[in-house]
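Start from the sequences, fold in the hints, and give me the full structure.
Protein chains: 2
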Amino acid sequence: MQENPTPADSSQRQTVLTGDRPTGQLHLGHFIGSLRQRVRLQDECNQTILVANLQGLTDNANDPGKIASNILEVVADYLAVGIDPAKTTICLQSELPALAELTMYYSNLVTISRLERNPTVKSEIQSRAFGRSIPAGFLTYPISQAADITAFDATLVPVGDDQLPMIEQTNEVVRKVNSVAGKDVLVECKPLLSNVSRLPSVDGKGKMSKSAGNTIMLDSTDKEISKAVKAMYTDPNHLTIDSPGQVEGNVVFTYLDAFHPDPAYIAELKAHYQRGGLGDGHTKKILEECLQELIRPIREQRQIYAADKAQLLAILKEGTERAREVTGRTLDRVKAGFGLDLFQRG
Amino acid sequence: MQENPTPADSSQRQTVLTGDRPTGQLHLGHFIGSLRQRVRLQDECNQTILVANLQGLTDNANDPGKIASNILEVVADYLAVGIDPAKTTICLQSELPALAELTMYYSNLVTISRLERNPTVKSEIQSRAFGRSIPAGFLTYPISQAADITAFDATLVPVGDDQLPMIEQTNEVVRKVNSVAGKDVLVECKPLLSNVSRLPSVDGKGKMSKSAGNTIMLDSTDKEISKAVKAMYTDPNHLTIDSPGQVEGNVVFTYLDAFHPDPAYIAELKAHYQRGGLGDGHTKKILEECLQELIRPIREQRQIYAADKAQLLAILKEGTERAREVTGRTLDRVKAGFGLDLFQRG
Numbered sequence: 003m004q005e006n007p008t009p010a011d012s013s014q015r016q017t018v019l020t021g022d023r024p025t026g027q028l029h030l031g032h033f034i035g036s037l038r039q040r041v042r043l044q045d046e047c048n049q050t051i052l053v054a055n056l057q058g059l060t061d062n063a064n065d066p067g068k069i070a071s072n073i074l075e076v077v078a079d080y081l082a083v084g085i086d087p088a089k090t091t092i093c094l095q096s097e098l099p100a101l102a103e104l105t106m107y108y109s110n111l112v113t114i115s116r117l118e119r120n121p122t123v124k125s126e127i128q129s130r131a132f133g134r135s136i137p138a139g140f141l142t143y144p145i146s147q148a149a150d151i152t153a154f155d156a157t158l159v160p161v162g163d164d165q166l167p168m169i170e171q172t173n174e175v176v177r178k179v180n181s182v183a184g185k186d187v188l189v190e191c192k193p194l195l196s197n198v199s200r201l202p203s204v205d206g207k208g209k210m211s212k213s214a215g216n217t218i219m220l221d222s223t224d225k226e227i228s229k230a231v232k233a234m235y236t237d238p239n240h241l242t243i244d245s246p247g248q249v250e251g252n253v254v255f256t257y258l259d260a261f262h263p264d265p266a267y268i269a270e271l272k273a274h275y276q277r278g279g280l281g282d283g284h285t286k287k288i289l290e291e292c293l294q295e296l297i298r299p300i301r302e303q304r305q306i307y308a309a310d311k312a313q314l315l316a317i318l319k320e321g322t323e324r325a326r327e328v329t330g331r332t333l334d335r336v337k338a339g340f341g342l343d344l345f346q347r348g
Numbered sequence: 003m004q005e006n007p008t009p010a011d012s013s014q015r016q017t018v019l020t021g022d023r024p025t026g027q028l029h030l031g032h033f034i035g036s037l038r039q040r041v042r043l044q045d046e047c048n049q050t051i052l053v054a055n056l057q058g059l060t061d062n063a064n065d066p067g068k069i070a071s072n073i074l075e076v077v078a079d080y081l082a083v084g085i086d087p088a089k090t091t092i093c094l095q096s097e098l099p100a101l102a103e104l105t106m107y108y109s110n111l112v113t114i115s116r117l118e119r120n121p122t123v124k125s126e127i128q129s130r131a132f133g134r135s136i137p138a139g140f141l142t143y144p145i146s147q148a149a150d151i152t153a154f155d156a157t158l159v160p161v162g163d164d165q166l167p168m169i170e171q172t173n174e175v176v177r178k179v180n181s182v183a184g185k186d187v188l189v190e191c192k193p194l195l196s197n198v199s200r201l202p203s204v205d206g207k208g209k210m211s212k213s214a215g216n217t218i219m220l221d222s223t224d225k226e227i228s229k230a231v232k233a234m235y236t237d238p239n240h241l242t243i244d245s246p247g248q249v250e251g252n253v254v255f256t257y258l259d260a261f262h263p264d265p266a267y268i269a270e271l272k273a274h275y276q277r278g279g280l281g282d283g284h285t286k287k288i289l290e291e292c293l294q295e296l297i298r299p300i301r302e303q304r305q306i307y308a309a310d311k312a313q314l315l316a317i318l319k320e321g322t323e324r325a326r327e328v329t330g331r332t333l334d335r336v337k338a339g340f341g342l343d344l345f346q347r348g
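If you're matching them up, the sequences are chains L and H in order. Numbering (the numbering used here) for the first sequence: 3 to 348. Numbering (the numbering used here) for the second sequence: 3 to 348.
Please note that a few of the clues may not be correct.
Copies of the same chain look alike in the list, so a pair counts if it works inside one copy or between any two.
Restricting the straight-line Cα-Cα distance to at most 20 Å, the calculated cross-link-like pairs of lysine to aspartate or glutamate (EDC-like) are [as the list claims (entries may be wrong)]:
1. Lys185 x Asp65
2. Lys124 x Glu290
3. Lys185 x Glu174
4. Lys68 x Asp343
5. Lys311 x Asp343
6. Lys68 x Glu327
7. Lys272 x Asp155
8. Lys178 x Asp65
9. Lys68 x Asp334
10. Lys319 x Asp343
11. Lys225 x Glu302
12. Lys232 x Glu250
13. Lys311 x Glu290
14. Lys272 x Asp164
15. Lys311 x Asp86
16. Lys89 x Glu46
Honestly, the hints are just simulated from the structure, not real lab data. Because the structure is a prediction, the values reported are computed rather than measured.
Here is the structure:
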């Protein structure tokens, strides 16, 4: 099933850990921000995708059903876009006890005040309505994330630049563990910064989410795509076709930049729009066709995968089994480093 | 190996969870405060003793060797005082992944501010030199303790009254989990309050600890016991034998109250001491004999057990195996309650 031969020295391959909180089906924002890259990375790296359902619970503890119901949905999304379980290990966080166990060990090496200073956590706390009631699991999730990353010996972690503090926090844990153990038990990781900026929502404001109805899902129908593009935010001052239009902040052009296969053509289109004479109906039609062409095969694949839940579960189980071995070995190394491997030795 | 027959309806037996952080060998304070009670409880209840090495790490993260080296030491202490592994499950916290996993789930149901209000944690933080650098694992250890208690379906938890807030916090978690699950997944527990007050250190100040040299260990020699009793704090104003002495705060009498088998005799002795005419040398001699008689068989048993580390490890492994089943079943129930049992169902 492997399309490309493995390089002779596979030890030189980077080990990539990436993943998603299964809070809903994935959408175009995920496609452009991470899924597309993962399809490429699986040929170059040892890639693991973690379905981070425990992390999903950190701010959905009162509604675990939301997390539970979306686990196989995101697996279907992965397969639909071309992630190949023969190349990429797809696994479920809650079925990897070593991740929870490593979190316990690491928790003693990270202070509460250090967590409170983590800029990513700070801003995420602000964006949620926790008030004074921050769940312990939410404040401490960078520790759990450090457990995830190190458990897989990840050397490369795809992140947005808002997530850089998480990488720094992880490497602090690595150095602490190695220092206590007196040897290199864990490996440090590097961020793989995406050069794609976050895709705006269809209405041009806020984050994309299915419930807000401001996004295009990976299984949207032609009709839904058409409707979403028609409703798309453009240049509110572009009142007639003849008047010059603005492309900055114009969601249609942001999407064309992100998805259209011919950048030269889009550059021309932009120039035309800017000098006037190009209507929003026209640019939207181009985008609509482009998105329908992109999504049609994904949707079709997704329908096939989503129809066979047993297969999705089998794929997730198989990947989790493999991940269990890898993460179990890391846990054994950490225990041995701390002299707490008496059951493993005996 | 069972000395007493199991009652016909064993479901009416209480389930007891108790344990120790393996930060050192156990001493007379543990004997009077908990070990003696456990020997009794093992005939009446389903008793599990957890060697809480992960909790031991919460304030010893930089010195895991201290924790590692004391695990089998406390197991030897248990066996020496008469805890019978056929009646009591003795198990190791770090080898029970379900405890770490339950901690992850519960962490999302307890807020940081609730933990900061926990009086036990508050005072324990004050008694340690953390300053602003409180390890996350330390602040959150009540969550981990709730995981321990609930994982074993404990209905009865022996505690000192300073630990009552931990029981309350545990039952809050139980109610939260049951409320989110919409059914009774976990059982609430009750404290089993000890009627014994904390045994003072030999020098009458502070906590007993082997390193401070102010205690009597369970394997102390006759000579060490003699030396400790001779150095024991009495009534500093009791300058001559004839003068009246004070028994309150007099460590010798506190120990006689705790350990002497004949309370009526001790009552007489106290009266004599209070009216004058009884020297500290005399009372100390009585205590010395009493303690030597108590400790001699424990020390002898302990030497036999401690000489066979392989047997200690085998006992701990066997108990841990049993505990793994019990705690694994609880984890499965919690997962099912949250709808996250897709691997168990499928």
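Please list, smallest to largest, the hint numbers that this structure does not respect. 2, 6, 7, 13 and 14
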